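Undergrad: Here is what each chain is made of, one letter per residue.
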Amino acid sequence: MTEAMAATGRDRAVAAATPKIRVRGLHKAFGPKQVLDGVDLEVLQGHSLVILGGSGSGKSVTIKCILGLIQPDAGVIEIDGQDVLKMKRREREAVADRIGMLFQNGALFDSLPVWENVCFKLLAQKRLTRAAARDKAAEVLEQVGLAASVGELWPAELSGGMQKRVALARAIAAQPDIIFFDEPTTGLDPIMGAVIDGLIVDCVKRLGATAISITHDMASARRIGDSAAMIHKGRIVWTGEARSLGHTGNAMVDQFANGEREGPIQMELRR
Amino acid sequence: MVALLLDPLAAIGRATLGACRVAGDAALFALEGLSHVLRPPFHFRLFWRAFLEIAWFSLPVVALTAVFTGMVLALQSFTGFARFNAQSAIASVVVISLTRELGPVLAALMVAGRIGASFAAEIGTMRVTDQIDALTTLSTNPMKYLVAPRLLAAIIALPLLVLVADILGVMGGWLIGTFKLGFVSAAYLKSTFDYLQTQDVVSGLVKAAVFGFIIALMGTWCGYRSKGGAQGVGGATTSAVVAASILILALDYILTEIFFAQ
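Chain order of the listed sequences is A and B.
Residue numbers for the first sequence follow my numbering, beginning at 57 and rising by one.
Residue numbers for the second sequence follow my numbering, beginning at 5 and rising by one.
None of these hints come from the bench; they were simulated from the model.
It cannot be assumed that every hint is accurate.
Computed cross-link-like contacts, DMTMM-like style, restricted to lysine to aspartate or glutamate with a CA-CA straight-line distance of at most 25 Å [said to hold, decoys possible]:
#: 1; chain 1: A; residue 1: K89; chain 2: B; residue 2: D134
#: 2; chain 1: A; residue 1: K89; chain 2: A; residue 2: E239
#: 3; chain 1: A; residue 1: K120; chain 2: B; residue 2: D256
#: 4; chain 1: A; residue 1: K142; chain 2: B; residue 2: D137
#: 5; chain 1: A; residue 1: K89; chain 2: B; residue 2: E36
#: 6; chain 1: A; residue 1: K120; chain 2: A; residue 2: D282
#: 7; chain 1: A; residue 1: K120; chain 2: A; residue 2: D96
Small disclaimer: the values here were computed from a predicted structure and weren't measured.
Based on the provided sequences and hints, a complete structural model is requested.
TA: Structure representation (structure tokens):
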């Protein structure tokens, strides 16, 4: 009995020490262009990591590799200590079922009403009937500050901010363990951006989820991130606390965070 | 000098390899799509939606095409056959031409313009706005959700449309035959059915099913592979219609050889 309890305690300690997501030496090239050149990342259970980086630096490709949307050329992606790249298709699908994603432009399905968008995963997995899904959608929409009646509208009838909220509702509806946010405040005014950030923080905390966000918006990065990582030319060049952004002491990060023209990052221009 | 000789050959080689790559990709896409048609889970709502879009909403354009084709065929046959005093063969010429060839081919070309373009535009837009990636992250296989229901719907809907087109085309010929060319209605209809064989109709319906598959395949494949924003979606739409139309005409010849070559 005592041995069993000790074993359980050791398992818990190992689980707590194992990062929720660990990426090692991730490489990906598209033709001659090397987009990821050895990305290393670790995110602990319940933590929120923000990935910063310029356009084309490999942020989205990193997330898409973890999600299984892009097959990397080399590297290791572990979720809960298990290498997802070595998993069989069904095992990988089971892992993907526990992940939620908010796409940059929302990626709501135009041909479905809002309520069906929100509960799409639950309906696909046959976890709810259509009638129950309507009620569930109303409940989740309320969590992101939208009235239940919004569920009857079509995505094209919503403003940009409302579409982001609906996309957030869709990402959290199935109560995922891991959530990815791809530039959640892009295209929104600063106030709506802050509102979305607040909702993201609330949702992630309520679910106890692990989150990885991509953003160019420093205010947003400080609000939603526990930690931050800077990616440049396909490599992680800095990791640290999100609240230190702008005064990290790393010239590259500080130049990016403060939007300075001069510094170690040189904009590549095509002539 | 050697380069001058080799450059055109290299270009031909590159084009050939490119064509093989595209054909192989389309073939693998078709096989995967068909495998999802046969494997559960099935998306009946999406199948029904695609079926209605193809069969019901294409009906007016296919019906008008069939009626006018039957009318023109009767008129042209009359003026042509009058040279040989063979006007009595008009009814059988109209019905055999329509059921074997013109019904399936014209209906398929009309549907390729309407549905092939619509599939390519819808799926292409979903591709460039990340909706297809979103499907994957929402535990849904895009091939099963977007492609399989459309393939199945087109394979079933086209023969039904062609059956209607055959009937309406014969009716168009009968209208011209009796009201303009002076045939006795009963004699015209008797001549129509006397020479019609089951194989004429069945071969047309089999062709229709194949054409339906080609239309849905080209629409979904071109849309699925589209990239580059609005311009890419536009290109995918054009490619879907052009590729489907050419394949319909080419396959029509091959199927005719299979059915009727002695």
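Undergrad: Determine for every hint whether it applies to the structure shown.
TA: Here is what the structure says about each hint:
1. For a cut-off of 25 Å, the pair hint linking K89 of chain A to D134 of chain B stands: about 22 Å separates their Cα positions.
2. A threshold of 25 Å between alpha carbons decides the hint, and for K89 of chain A with E239 of chain A the separation of about 23 Å falls inside it, so the pair holds.
3. Taken as a hint, the K120 of chain A and D256 of chain B pair is broken in the structure, with Cα atoms around 43 Å apart against an allowance of 25 Å.
4. At roughly 21 Å between alpha-carbon atoms, K142 of chain A and D137 of chain B fall within 25 Å of each other, so this suggested pair holds.
5. Restraint check for K89 of chain A and E36 of chain B: not satisfied, since their Cα atoms lie roughly 30 Å apart, outside the 25 Å limit.
6. A distance of roughly 21 Å separates the Cα atoms of K120 of chain A and D282 of chain A; the hinted pair therefore holds under the 25 Å criterion.
7. Between K120 of chain A and D96 of chain A the alpha-carbon distance is near 15 Å, which keeps this suggested pair within the 25 Å criterion.
The structure fails to meet hints 3 and 5 from the earlier list, while all remaining hints are met.
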